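A.B. asks: Each chain, written out:
Protein chains: 2
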Amino acid sequence: MTHLLVVAHGSRQDSSNAEIRELVARLRKNCTLFASIDYAFLEIAKPSIKDALRQQIANGALDIVVLPYFLSAGRHVVTDIPEQIRQVSVDAPSIKIKIAPYLGASEKIDDLLIHLVFSSYY
Amino acid sequence: MTHLLVVAHGSRQDSSNAEIRELVARLRKNCTLFASIDYAFLEIAKPSIKDALRQQIANGALDIVVLPYFLSAGRHVVTDIPEQIRQVSVDAPSIKIKIAPYLGASEKIDDLLIHLVFSSYY
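As given, the protein sequences belong to chains A and B, one line each in that order. Start counting the first sequence at 1; every next residue gets the next number (the numbering used here). Start counting the second sequence at 1001; every next residue gets the next number (the numbering used here).
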């Protein structure tokens, strides 16, 4: 089974990091499709991407998907996250680590936005 | 009818701003629930929130919803966007401008993440 790692930017404001921890807690509760679901932060907050991946591997993960919780394909998505993964892969070449599209790439976000406006506003 | 303004952070990398313009173009095409759908940027890119709101009002909008396209309830969502709106409201007190919850507040994002992993990875 695949292990999922949700990667967010990380904030100096811990309430923003807490939103990610809560998101992952909900996913763990509601989604049984993965062997494990964890979070990591690119910057500022912990755990780092490398530490989280190494922990998943230490726990027996052979197949990991990293999901960038980012809205646009900026430098973080295009360069920084792949580089962190590459550094882990060098030491664990037998582990399959793939990157899913970043959140903002999903056209399903359109419906979610409309739903958000109407569910809360009217 | 309500006018919708999608507000993103704004990036020095114009491809990130283009993602917002494309999102709004899709919404305009697929969603007929609003009198108009526009975008604005909090920083860096144009139009600014104030300019976009004033343009909507000049076009006849009486009722506007601002949707923060942000993943966490940081300073931008809690303070900066409301302050921009307040500055417009001072000069146009009869116009109703409300703020929808920011994108990351939607628990529907959970399903979207899982869908994103599976639709693209398997």
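Calculated directly from the structure, the hints in this document are not laboratory data. A portion of the hints provided could be inaccurate.
Cross-link-like lysine-lysine pairs, in silico, BS3-like; alpha carbons within 27 Å at most [stated by the list, open to error]:
(1) A:Lys108 to A:Lys29
(2) B:Lys1098 to A:Lys108
(3) A:Lys29 to A:Lys46
(4) A:Lys96 to A:Lys29
(5) A:Lys29 to B:Lys1108
(6) A:Lys46 to B:Lys1098
(7) A:Lys98 to A:Lys108
(8) A:Lys50 to A:Lys98
(9) B:Lys1108 to A:Lys46
(10) A:Lys29 to A:Lys50
(11) B:Lys1050 to B:Lys1098
(12) B:Lys1096 to B:Lys1050
(13) B:Lys1029 to B:Lys1096
(14) B:Lys1108 to B:Lys1029
(15) B:Lys1029 to A:Lys96
(16) A:Lys96 to A:Lys46
(17) B:Lys1108 to A:Lys108
(18) B:Lys1098 to A:Lys98
(19) B:Lys1098 to B:Lys1046
(20) B:Lys1108 to B:Lys1098
(21) B:Lys1050 to B:Lys1029
The model shown is predicted, which means the values in this text are computed figures rather than measured ones.
A.B. asks: Starting from the hint list further up, note which numbers the structure goes against and sort them upward.
C.D. replies: 6, 15 and 18
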